[in-house]
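Visitor: As given, the protein sequences belong to chains A and B, one line each in that order.
Reminder that position 144 of the first sequence reads as 144 in full-length UniProt numbering, one-by-one numbering, no gaps.
Reminder that position 358 of the second sequence reads as 358 in full-length UniProt numbering, one-by-one numbering, no gaps.
By construction, these hints were calculated from the structure, which means they are not laboratory data.
Just so you know, not all the hints are guaranteed correct.
Same chains, same label: a pair holds when it works inside one copy or across any pair of copies.
[Stated by the list, open to error] Below, in silico cross-link-like pairs of lysine-lysine (DSS-like), each with a Cα-Cα straight-line distance of 30 angstroms or less:
#1 LYS312 with LYS274
#2 LYS248 with LYS312
#3 LYS224 with LYS248
#4 LYS312 with LYS100
#5 LYS35 with LYS157
#6 LYS100 with LYS157
#7 LYS157 with LYS224
#8 LYS174 with LYS224
#9 LYS274 with LYS100
#10 LYS274 with LYS224
#11 LYS274 with LYS35
#12 LYS174 with LYS248
Note that the structure is predicted; figures quoted are calculated from it, not measured.
Protein chains: 2
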Amino acid sequence: MRVELLCTGDELVTGLITDTNSPWFEARLFELGVKVDRILLVGDVRPDITQALLEVASRADEVLVSGGLGPTMDDFTLECAAAAAGVPLVEDPRVVEWLKERYAQRNIPMNPGALRMARIPQGAEVVRNPVGSAPLVILRLGRARLFFVPGVPREYKALAEGEVLPRIRAALEKDPERVARSFRLLRTVGIPESQLDAAVAPLVPQHPRVVFGFRTHAPENHLKLMATAPSQAEADAALAAAEAASRKLFGAAIFGSDEEEYAQVVARLLTQAKATLATAESCTGGLIAQQLTAVSGASTFFMGGAVSYSEKMKMAWAGVPAAVLERHTAVSRETAVAMAEGVRAACGTTYGLSVTGYAGPTGGTLEDPVGTVYCALAAEGSPTRCERFSIMGDRDRVRLFAATSALELLRHHLLSGPSAS
Amino acid sequence: MRVELLCTGDELVTGLITDTNSPWFEARLFELGVKVDRILLVGDVRPDITQALLEVASRADEVLVSGGLGPTMDDFTLECAAAAAGVPLVEDPRVVEWLKERYAQRNIPMNPGALRMARIPQGAEVVRNPVGSAPLVILRLGRARLFFVPGVPREYKALAEGEVLPRIRAALEKDPERVARSFRLLRTVGIPESQLDAAVAPLVPQHPRVVFGFRTHAPENHLKLMATAPSQAEADAALAAAEAASRKLFGAAIFGSDEEEYAQVVARLLTQAKATLATAESCTGGLIAQQLTAVSGASTFFMGGAVSYSEKMKMAWAGVPAAVLERHTAVSRETAVAMAEGVRAACGTTYGLSVTGYAGPTGGTLEDPVGTVYCALAAEGSPTRCERFSIMGDRDRVRLFAATSALELLRHHLLSGPSAS
Chain A
1 MRVELLCTGD
11 ELVTGLITDT
21 NSPWFEARLF
31 ELGVKVDRIL
41 LVGDVRPDIT
51 QALLEVASRA
61 DEVLVSGGLG
71 PTMDDFTLEC
81 AAAAAGVPLV
91 EDPRVVEWLK
101 ERYAQRNIPM
111 NPGALRMARI
121 PQGAEVVRNP
131 VGSAPLVILR
141 LGRARLFFVP
151 GVPREYKALA
161 EGEVLPRIRA
171 ALEKDPERVA
181 RSFRLLRTVG
191 IPESQLDAAV
201 APLVPQHPRV
211 VFGFRTHAPE
221 NHLKLMATAP
231 SQAEADAALA
241 AAEAASRKLF
251 GAAIFGSDEE
261 EYAQVVARLL
271 TQAKATLATA
281 ESCTGGLIAQ
291 QLTAVSGAST
301 FFMGGAVSYS
311 EKMKMAWAGV
321 PAAVLERHTA
331 VSRETAVAMA
341 EGVRAACGTT
351 YGLSVTGYAG
361 PTGGTLEDPV
371 GTVYCALAAE
381 GSPTRCERFS
391 IMGDRDRVRL
401 FAATSALELL
411 RHHLLSGPSA
421 S
Chain B
1 MRVELLCTGD
11 ELVTGLITDT
21 NSPWFEARLF
31 ELGVKVDRIL
41 LVGDVRPDIT
51 QALLEVASRA
61 DEVLVSGGLG
71 PTMDDFTLEC
81 AAAAAGVPLV
91 EDPRVVEWLK
101 ERYAQRNIPM
111 NPGALRMARI
121 PQGAEVVRNP
131 VGSAPLVILR
141 LGRARLFFVP
151 GVPREYKALA
161 EGEVLPRIRA
171 ALEKDPERVA
181 RSFRLLRTVG
191 IPESQLDAAV
201 APLVPQHPRV
211 VFGFRTHAPE
221 NHLKLMATAP
231 SQAEADAALA
241 AAEAASRKLF
251 GAAIFGSDEE
261 EYAQVVARLL
271 TQAKATLATA
281 ESCTGGLIAQ
291 QLTAVSGAST
301 FFMGGAVSYS
311 EKMKMAWAGV
321 PAAVLERHTA
331 VSRETAVAMA
341 EGVRAACGTT
351 YGLSVTGYAG
361 PTGGTLEDPV
371 GTVYCALAAE
381 GSPTRCERFS
391 IMGDRDRVRL
401 FAATSALELL
411 RHHLLSGPSA
421 S
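Next comes chain A alone, as it looks inside the complex (with noise of 0.2 angstroms):
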């Protein structure tokens, strides 16, 4: 099955937005087995639409086009279609009840222009959009079946996920060419790409039927299977052995898999032992509480967070003694310690975790230059531990590496069996 994706607006042409509805199906279909062999970015010029629309059905089975569905003047890819498929526009009566029900709900009086929504090409299938107005519409042309759906993502993916996979799954259960396709994503910190890159190289040929890929979602790497075999067990099968090899070589610094975020891990390790945190952070400003908060529930084990950005405060808040910061700096072991203990004892926590550095792009000393983070934590019962990283690259990148380090830490102290509390 050749399956192609056509997306049309001004805004994809100049720059102004990113397609991030096409990744996102790309990937919904690659589950299903199906790789999309291609993308096409076209601008609001009637003969251009027309003549993509043409060319993607003269070579796709399934096509899904997107954006000019709307009510304004700039809306004119049902025209298009129209156009290529050598037939009039026709206002459909569903499509204007739908439209008129739409309106009422929302207590606004319907625009004369919210009719041109209605008008589909003669011939065509409409099927009701459950969050927007303009339909979903479904055209045969060439050899190819067309489904057009708004550009805006929230409606985009609802009809994709809702009416256009269904149907292209049902469909792939006639294909004869079938393959069965099973992926996995394992996602790594601490490990640089080229590196996962070479770890990896002796496994692919004992799995001659997994493909192995590498992506950088930085501070993160993520390695990707994606197992090929003609039947689903097959191809599921290949798959488990290839994660349990990798598994196997990189441990721990495999955080999670697939959709699991990062944040997530280190919230669920923390409940699951019963642990409460604070944090202090300099350099990296807050990020590591509001990663940490970003996560629903978060209260049960976040209790605070000290964003000591002068000296007074991390005095203040995270109990540094001056005379620390007098003989050693706000950017050194001694510091990074005394801030994690600190807060740990002003928030009453099981931890207390502590960021300070250079972030960039001025400061730093000699021994210290920017990029140099020096990371602690504190915990109930065992001796405070502290590392210092040097991180290349700008202030950005210093403090998400930062904050990562800092929570690896942690990580890693909880994966190892942390004393309860």
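Start from chain A and add chain B according to the hints.
Guide: Showing chain B alone in chain A's frame:
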């Protein structure tokens, strides 16, 4: 001039990577007055890439082709280019030299596979890559000039900016059909997109040379103005008139233009006022502190941020009296005011800014359901101001809009002329 972009790579058609190179390059071209006609993405399939190259070469004048130039087995874009052009691949001695130098500089032995990068379609021009190994390759095919660059964003941008854009600019200057364009992005907060649209409508007929567009970039909404005219002076004048009319309409809701980031604007206003700030955040969990400290030099105005996620830390760090929490709960006008005043006193700053609220998905009360947020601004020498907001959406959205709502209290106060510290 007709410009197209062709991007190759399996990761682009399976949802693993979002193509962010193209929007960047489109925007750079748009500044030159060039609207890209098509962007085409294809997977790592030899016949598909060859076919796509023949298609773009038959239609476009200038084409940027990216991806598949590296040293591994799945890098075969130049092979496809040679096939499309009907010429052999030949090893280019200059590229071999560049590769040797690069590996020597980095003290890495050169893998024989690296020489793949020196195999160039016969007759093509090569330009050294300043930040990577694979060179820029320029090949004439059909009516088009094809520029081949690596897909790695750093190398893509360095070569596109440094080598491709100047060549396109030179070609443009000879283009008889050239029109001049001028572009401005006006960034607003606090105005819903639909309101922006309706407010701008009366301006449209008064500025026939300007296209008004919108883009949502939560929590901001952007108004984009694009002027087209026969000469650059006329385009610039038309843009200036439309910009002045828009600024009159929206006043301080426009916080910046083009590349100006919100946090930078707040930082600049604080610095100009020689003022300092402390924050006390509950539901936003450090988001405000993190946004402000992302600005380089934040330590001159940002003294500290208390992420007081528990009642205990609201008392300890933000000086909220136990009686206030007891009587009014942690999410209340009284607590927000106490947090802003308390954190200002603790840090000794010009301003204290606070947020407390229900980010969801659980929590909230009948009077203050999920999405209710109280923000307060305490300032030297004026009464503390507090506002209540009702924010729709999921946890991430509530946190994001809550942070901006708080910062908006501060920004408007600074714009209206704060008392000097």
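Visitor: Are the hints correct? Go through all of them and say.
Guide: Hints versus structure:
For the identical chains of this complex, LYS312 and LYS274 are inter-copy neighbours only, at 19 angstroms across copies versus 33 angstroms inside a copy, given an alpha-carbon limit of 30 angstroms. Taking the shortest alpha-carbon separations for LYS248 and LYS312, neither the intra-copy value of 47 angstroms nor the inter-copy value of 43 angstroms comes in at or below 30 angstroms. When the C-alpha separation of LYS224 and LYS248 is checked against a cutoff of 30 angstroms, the pair qualifies only within one copy, where the shortest distance is 15 angstroms, while the shortest distance between copies is 52 angstroms. For a Cα distance limit of 30 angstroms, the shortest separation of LYS312 from LYS100 qualifies neither inside one copy, at 63 angstroms, nor across copies, at 53 angstroms.
For a Cα distance limit of 30 angstroms, the shortest separation of LYS35 from LYS157 qualifies both inside one copy, at 18 angstroms, and across copies, at 28 angstroms. With identical chains, the CA atoms of LYS100 and LYS157 are at most 30 angstroms apart within one copy only, with a shortest distance of 23 angstroms there and 49 angstroms across copies. In this assembly of identical chains, the alpha carbons of LYS157 and LYS224 lie at most 30 angstroms apart whether taken from the same copy (24 angstroms) or from different copies (26 angstroms). Within a single copy, LYS174 and LYS224 get their C-alpha atoms as close as 28 angstroms, which meets the 30 angstroms cut-off; across copies the closest is 47 angstroms, which misses it.
For the homomeric pair LYS274 and LYS100, neither the shortest alpha-carbon distance inside one copy (54 angstroms) nor that between copies (56 angstroms) is at most 30 angstroms. For the homomeric pair LYS274 and LYS224, neither the shortest alpha-carbon distance inside one copy (33 angstroms) nor that between copies (50 angstroms) is at most 30 angstroms. In this homomeric assembly, LYS274 and LYS35 never come within 30 angstroms of each other (Cα to Cα): the closest approach is 44 angstroms inside a single copy and 57 angstroms across copies. In this assembly of identical chains, the alpha carbons of LYS174 and LYS248 never lie at most 30 angstroms apart, being 39 angstroms within a copy and 61 angstroms across copies at closest.
Checked against the numbered hints above, the structure breaks hints 2, 4, 9, 10, 11 and 12 and satisfies the rest.
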